[in-house]
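Chains A and B, in that order, give the protein sequences. FYI, the numbering for the first sequence is 1 to 664, going by UniProt numbering. FYI, the numbering for the second sequence is 1 to 543, going by UniProt numbering.
These aren't lab readings, by the way, just hints derived from the structure by calculation. Take these hints with a grain of salt, some might be off.
The following residues of chain A were derived to be distant from chain B, with all beta-carbon distances above 12 Å [unchecked claim]: (1) LYS8; (2) TYR70; (3) TYR76; (4) LEU117; (5) VAL162; (6) GLN163; (7) GLY175; (8) VAL299; (9) GLU307; (10) LEU317; (11) LEU320; (12) SER441; (13) PRO465; (14) GLY537; (15) ARG639.
Simulated crosslink set (DSSO-like; lysine-lysine; CA at most 30 Å straight-line) [claimed, not checked]: (16) LYS196/B / LYS295/B; (17) LYS20/A / LYS64/A; (18) LYS91/B / LYS125/A; (19) LYS113/B / LYS181/B; (20) LYS152/A / LYS216/A; (21) LYS64/A / LYS77/A; (22) LYS125/A / LYS167/A; (23) LYS99/B / LYS6/B; (24) LYS662/A / LYS6/B; (25) LYS452/A / LYS374/A; (26) LYS85/B / LYS125/A; (27) LYS374/A / LYS113/B; (28) LYS6/B / LYS98/A; (29) LYS125/A / LYS99/B; (30) LYS167/A / LYS152/A; (31) LYS64/A / LYS125/A; (32) LYS662/A / LYS374/A; (33) LYS113/B / LYS662/A; (34) LYS99/B / LYS662/A; (35) LYS99/B / LYS113/B.
By construction, the Cβ of each residue, glycine as well, lies at the ideal position given by its N, Cα and C atoms.
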Amino acid sequence: MEDEEIEKMVIAYLKKKGFKQTELALQEEQSKSSFASQTDPDKQILSVTESESGPAQYQDGYSKLRSWTYSSLDLYKHELLRVLYPVFIHCFMDLVAKGHTQEARAFFNSFREDHELMHLRDLQKLEGVLSPSHLEEMEFAHSLRQSKISIKMCQYSYELLVQYLQKSQSITILGIINEHINFEVSPGQPSTISDDADVVTLLGSSQDTSKLINQKEIRWGLLEDSLEERLEKAGALMSDSEKPEGETKEGEVEENKKKSVDGGKQGASVKKLKKDKVVGTTGKSIRSETNIVSMAPRVKPELSLPEIPTEVEHSILEDLRNRVQLGSLALPSVSFYTFINTHNGLNCSSISHDGSLVAGGFSDSSVKVWDMSKIGQQSDTSIMQGENDSASIEHLMGPEDGKRSYTLFQGHAGPVYSVKFSPLGDFILSSSADSTIRLWSTKLNANLVCYKGHNYPVWDVQFSPVGHYFASSSHDRTARIWSMDRIQPLRIMAGHLSDVDCVQWHANCNYIATGSSDKTVRLWDVQSGECVRIFIGHRSMVLSLAMSPDGRYMTSGDEDGMIMMWDLSSGRCVTPLMGHTSCVWTLAFSREGSLLASGSADCTVKLWDVTASTKVARTEENKSGAMNRLRSLKTLPTRSTPVYTLQFSRRNLLFAAGVLSKGV
Amino acid sequence: MSIVPKETIEVIAQSIGINNLSPDVALALAPDVEYRVREIMQEAIKCMRHSKRTTLTADDVDSALSLRNVEPIYGFASGDPLRFKRAVGHKDLFYIDDKDVEFKDVIDAPLPKAPLDTAVVAHWLAIEGVQPAIPENAPVEALVAPSDNKKPEHKEDGLPVDIKLPVKHVLSRELQLYFDKITELTVNKSDSVLFKEALQSLATDSGLHPLVPYFTYFVADEVTRGLNDFSLLFALMRVVRSLLQNPHIHIEPYLHQLMPSVITCLVAKRLGNRFSDNHWELRNFTADLVASICKRFGHVYHNLQPRVTRTLLHAFLDPTKALTQHYGAIQGLAALGPSVVRLLLLPNLEPYLQLLEPEILLEKQKNEMKRHEAWRVYGALQCAAGKCMYDRLKMFPGLLAPPARAVSRTNGRVIMTTPNKRKAGKDDMMQQPPVKKIATDGPMGIVPPISLPANMQGTVDGFPAASGQSNLGPSSSVQVTNDSISGSSGKREDDGRAAKMLTVLSQAWKEDVDAGHLLASLFELFGESMFSFTPRPELSFFL
């Protein structure tokens, strides 16, 4: 900086004095020097043509680079190692593209072990590529070849690498590095090894655009006028003046407690409520809420939200009052619903918010709903069902044994991959391999609507936190937003490079998150339909998502048992949660957000302390090292029952569901 | 180049009617086939994940094919994982064993049971973070018993449907057949040659371990139900012995289940319901069995022998118990070894004999059966004491006070042994009157002049054959004792003398008991007298 200023001053001085000759000479000299500084090794490499590139060149060049990297200085080794993988896959693809299939296979097999730990799934995909036409056809390979991979490095490692490449004169490798790797050279010390997790993940766009995307603003705050606020307000009011009312409410509280003990009673009361109508936002007049000081910023809903019926509102408020405060010292009670005799047919399950209803989606296209409050008292069942379902066709009373313990919903024409209860428990959504989504009423026990829009199996469907709207994700690589009253989708979110496997709403209903087989999680703005965040870090297909109740964090679980916690505003991974050994099927935050529960195919439910990590993250935002690993509080093993669904009730009782599998 | 070899392509081509596929085409197709297969598998794995499974099924592949708009492959769908078999001679070649099914068989077969309907059961996985120790939870920390696991209780109803004992699956079809066959033989045909072979097989076969719990249960069950069936009980005990003999069976964990049945066969009041049932023999047999168990597993189960002896001693000391029970107890204790006899039996001998006296005497016990039993018990006691003494003697051979005499007598006895035996055998046939006579006569003559040793001689002489044999060969003693006793009890006229003898006897035993502290010297005498005197009367008699 100083030099430049001096130079400028000199030039200005020369101009002022009119020394034209000297000025020109100076400028010439300057441009020369700047050119010299710009002629990076990069540029030189670019100019090198790929003249002689026989198949042996690749093998030879790569193995030389490999042995050099492994023998390099320990301090810089891990950075240099990162270069190997892109070079490896591009060597392979180049070989295939040039038709040296045999050599390509030999090359692949001789070095694949090095990368299996980190990139096993990609390698499995690439392994099958055996002809140039496959390269064209296979989207993964195609986009790999199109895009550049960026690798962060410290200055010195970079220099080491450049020196080596210049000395070794292996032009093929130089070419590949040039063509496909984008170095982000940072001054100073090499990064710590813990950051090694920088994964080469395939993105449709380049890394830069994803960065740009992640810089968009996200208003992650909760909705204004939420029930929690009203509760606080009500509490304040109660303390002041309305004593008699307060007493009656306390009486109710106790009564409600009793109800909640025998489980599901509540659900029955909820079910009595009418189907909520869709009205604009102006249902409740917005009161001035100055007295409430809350951490999270408040946002206005972008969607028009349905009105909550007053009775429901009361029951929710009751539940909020009676909520158990969970934490590292106060662990939740877990009620486990075990499906038995499913004959390998259960694909998914869902539990209503109060645990009274349990739904299962089966591969024989059926959806079955159990009313858990009735299972305890079998004798009443037939009578109650008789009252309820006289008009229903869907509900079949099993003639052979008098009664069936569940309600059967038939309508789909393919395996049901997802079932979800509406927040109030009066509707069920199911998505199926027949590419449709169906809406069922638990009160009428009938199919209400069939939503057609997706072209391929719909993997997941999810109600918005307030109901009425729902999101779906499909094999057709899109996620869609729907409202219950329209048979066409309202928004189509396209951008994922592979199947969209799971979808989740943000607490304020303005965003949805989608997890995909392309190993990314994306956050979409519901109003605009734009992608606002891309979360990169998973090494395999993302299977489950959960949003923290305060709207600030998101967790995602993948096929390998890794759970990642993301900060929505920064788009960074707060911490990876390691512990599960198999697919994480489900994740759930406790209602006040202090605990995270995860259920996995390894037959365990794990409870994680989320407050610890987030606090650390808040105080030292930038140091996302090994310091703030989330604490695993407790592992609850089940009896050979993979956990399919977890759901916290509004009072923080955790419900879990799974299938008893003898084979495990 | 590709994993799919050229030959595979050619075979597939032929199977769809293309016979003249050129090798070049096959070679070019192979990589593409591999690529397509991989593609389909990738989709299939997605379907598997969305079905929330971790094992790939044929259905997943079918769904993947339909995703690609390909006709699915029919005929492989199945709810269970496929069972692959390894092709012989190939390392990684597997196939599915697809058997031909006859229509006739299918039609004739009874309808299979309808599969159970899906159900949901609820339980507490955790209560405030603590897992209650209930059967639905994984058996880990069974430490904390929760206060409120009532809820899971009442919902258990549906669960047992699915949870079966894992051990049942372990049992192969062959083992089940074997078990059925053995149990049938034991129950119905315990006299047959086949049963002997079965016992032989039980004692030697190496693969029977999975059946041990079943046999244990079987024995226990049959013993409790079949106390009246003598032959069954005997057969069961033989089965137990065979199992114990089998070197490949690890029977320790089941001993606690087995022992009650065995002890029952030893000290039960009635074994068999017929008069002719030789339950004495069964008791003797079982006594040996108990002794062998104690010997073999005593070091593993430290409290095994104490418990057995306690049980037996209780039976022995309880005057209200039947004489048959006493007999069993005495036999059992005797089989456990001389030291047990010395420590437990001998101190109680005097009071017991007093108890026994009225049963033996003709005047007091009119019931022939009872008297017979009493004599049996008497014989058993005799035998036990004799063995005990013999053992002491063997332990302290140097204590024989008059060695010279002993030697000379031993010589004499050795010479006489054979004829003696032969004579004994003859006596048996002749209902043993001569022996009896001597037995009863012997002490009469000797008692007055000689004090202790003479008395002892008398006691021994009471059943000369028995004592003599027991000294010579303990193994055969039981049999002989039985015979002699049966002979004696058969004879009415002996009773009076026998009673007299008894007094002498009891006196002698009393001496023994009193002199317990002077064991060494006393036993020397005692033994000496046994040793030397036993053959003498016979000797004198027969010569």
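Quick rundown of the hints versus the structure:
1. LYS8: 60 Å, holds
2. TYR70: Label holds. Min Cβ-Cβ 29 Å, cutoff 12 Å.
3. TYR76: 37 Å, holds
4. LEU117: Given that every Cβ of chain B is farther than 12 Å from that of LEU117/A, nearest at about 20 Å, it holds.
5. VAL162: The claim holds: VAL162/A sits with its nearest Cβ about 37 Å from chain B, beyond 12 Å.
6. GLN163: For GLN163/A, whose nearest Cβ neighbour in chain B is about 38 Å away, the distance exceeds 12 Å, so it holds.
7. GLY175: 25 Å, holds
8. VAL299: 33 Å, holds
9. GLU307: 33 Å, holds
10. LEU317: At roughly 24 Å from the nearest Cβ of chain B, LEU317/A sits farther out than 12 Å, so the non-interface label holds.
11. LEU320: Holds, because the least Cβ-Cβ distance between LEU320/A and chain B comes to about 20 Å, which exceeds 12 Å.
12. SER441: 20 Å, holds
13. PRO465: Per Cβ check, PRO465/A is outside 12 Å of chain B; nearest 24 Å; holds.
14. GLY537: Non-interface label stands for GLY537/A: nearest chain B Cβ at 19 Å, farther than 12 Å.
15. ARG639: 5 Å, violated
16. LYS196/B / LYS295/B: 25 Å, holds
17. LYS20/A / LYS64/A: 54 Å, violated
18. LYS91/B / LYS125/A: 25 Å, holds
19. LYS113/B / LYS181/B: Within the cut-off at roughly 27 Å; holds.
20. LYS152/A / LYS216/A: 23 Å, holds
21. LYS64/A / LYS77/A: With Cα atoms ~15 Å apart, LYS64/A and LYS77/A stay inside 30 Å; holds.
22. LYS125/A / LYS167/A: 34 Å, violated
23. LYS99/B / LYS6/B: 29 Å, holds
24. LYS662/A / LYS6/B: Violated, at roughly 41 Å.
25. LYS452/A / LYS374/A: 34 Å, violated
26. LYS85/B / LYS125/A: This hinted pair holds, its Cα atoms lying about 28 Å apart.
27. LYS374/A / LYS113/B: Status holds; Cα separation ~27 Å.
28. LYS6/B / LYS98/A: 22 Å, holds
29. LYS125/A / LYS99/B: Roughly 35 Å between the alpha carbons, so the hint for LYS125/A and LYS99/B is violated.
30. LYS167/A / LYS152/A: 22 Å, holds
31. LYS64/A / LYS125/A: 26 Å, holds
32. LYS662/A / LYS374/A: 27 Å, holds
33. LYS113/B / LYS662/A: 19 Å, holds
34. LYS99/B / LYS662/A: 25 Å, holds
35. LYS99/B / LYS113/B: 22 Å, holds
Taken one by one, the earlier hints fail for this structure at numbers 15, 17, 22, 24, 25 and 29, listed in ascending order.
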